[in-house]
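**Student:** Residue numbers (my numbering), protein chains in the order written: chain A, 1 to 206; chain B, 1 to 148.
Don't take each hint at face value.
Unchecked claim - Using 30 Å as the maximum straight-line C-alpha spacing, the simulated DSS-like pairs for lysine-lysine come out as follows:
(1) B:3 / A:101
(2) A:35 / B:6
(3) B:120 / A:148
(4) B:134 / A:35
(5) A:172 / B:6
(6) B:6 / A:160
If you're looking for bench data, these hints aren't it; they were derived computationally from the structure.
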Amino acid sequence: MRQLGGRGTRNECATTAEVMAAIESLSAEEDFRLKRFARFRIRGLGRAAMGRTYSCLLAQAVASTLQGAESKTKGRKWDKNRVPFVDHLFGAVRSISTHWKEAYERRGTEAERYDWETATEDEFGDLVRPTDLAADPAADPFRSCAAKELLDALDRRFAKDEDALLVIEARKEDMTIPEIVTELEVTEKRARAAMQRIRYFMEGRL
Amino acid sequence: MPKFDKHEEDLMRVMFGLSDSLADASPSEVLEEAERSQVNLLDEAEEVRGILRSAGRAYLQRRLRESRRAYETAAAEIQGTKYDLPETAAERRQLLESTLRERPDFEPIIVTVQHRDFSKLSDEDVTSFLRQLKALGLLNTSASPTSR
């Protein structure tokens with residue numbers, strides 16, 4: 001993990017100009033990594049993504065960071081002395097996508113209230129009407145089948161790859177890499193290598 | 001409430017795990033994957049940079065529009081409000097001068113680069129400054145009725 005300041009480094013939230021400059025200073029490798037990171041998050045969200053793409057997710061992360069630079073209470077603050085910008089964006093994308101998932105799970109009552117009562121503006125000033133994003137509370141057999149097909153494809157592809165299968169099963173239980181290492185007695189190197197093989201397989205399926 | 005079934009939940013956890021593993025991966029690992037996937041790294045980077053850049057610009061432009069709207073509303077409010085300022089131009093100038101004598105700290109607000117020479121201020125400028133000071137609650141004048 002990349003590190004900036006150590007102990008004794010003072011917290012300092014970046015200004016809007018610094019955020020805009022940081023966007024330009026990202027390396028090609030970091031840009032590529034961000035795109036794939038966001039695409040995995042969107043693929044994982046499934047129907048909770050509500051048609052939003054990885055670019056929506058990245059755009060929201062930037063808007064939220066700029067809001068944090070201007071506001072004391074709103075948005076996400078980038079502590080420029082402690083966290084590399086790319087890591088800050090990973091955190092923002094992670095948090096926004098988790099929020100989308102939770103918001104999706106809370107849905108179901110939008111149609112019972114008037115638009116004018118509940119419409120809000122997003123970070124870009126676009127009007128968001130909850131009814132536009134209303135979700136059908138019923139289960140979605142198509143999505144469920146698609147998810148099962150992909151999980152079956154993973155099982156088939158890695159049928160002879162014990163580490164990868166173990167990692168997949170562990171992830172279904174929401175285990176992290178350190179937990180996999182401790183509880184399943186796989187070395188960190190093997191666990192990470194398995195993750196890389198799975199990522200590579202998934203690349204064409206995102 | 002919409003719920004995910006087991007397959008959807010499982011897939012979500014696997015995908016989120018893959019994204020986290022990517023955040024922790026070394027740059028050489030990521031470059032190796034890009035090469036194996038025959039991805040043009042520079043094209044990909046340009047695409048992502050474009051998304052981030054336009055998201056930033058869109059946000060800042062929106063904030064600028066909001067600030068301009070707020071300024072125009074405040075300016076219109078000041079223009080639309082009647083303040084009890086003196087009737088004649090000479091009295092108004094006198095009021096501004098005496099205010100600045102009493103509160104020299106106001107001077108930098110009024111004597112800007114645009115208006116270096118106080119004596120050359122037009123009556124319109126004088127009235128505008130008095131209105132602004134009044135709107136800010138920084139001007140004490142007699143309560144005599146006026147048209148300004």
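**Student:** If a hint holds in the structure, say so; if it does not, say that too.
**Tutor:** Checked hints:
| no. | hint | verdict |
| --- | --- | --- |
| 1 | B:3 / A:101 | holds, 10 Å |
| 2 | A:35 / B:6 | holds, 27 Å |
| 3 | B:120 / A:148 | violated, 80 Å |
| 4 | B:134 / A:35 | violated, 54 Å |
| 5 | A:172 / B:6 | holds, 9 Å |
| 6 | B:6 / A:160 | holds, 24 Å |
Comparing the model with each numbered hint stated earlier shows that hints 3 and 4 do not hold.
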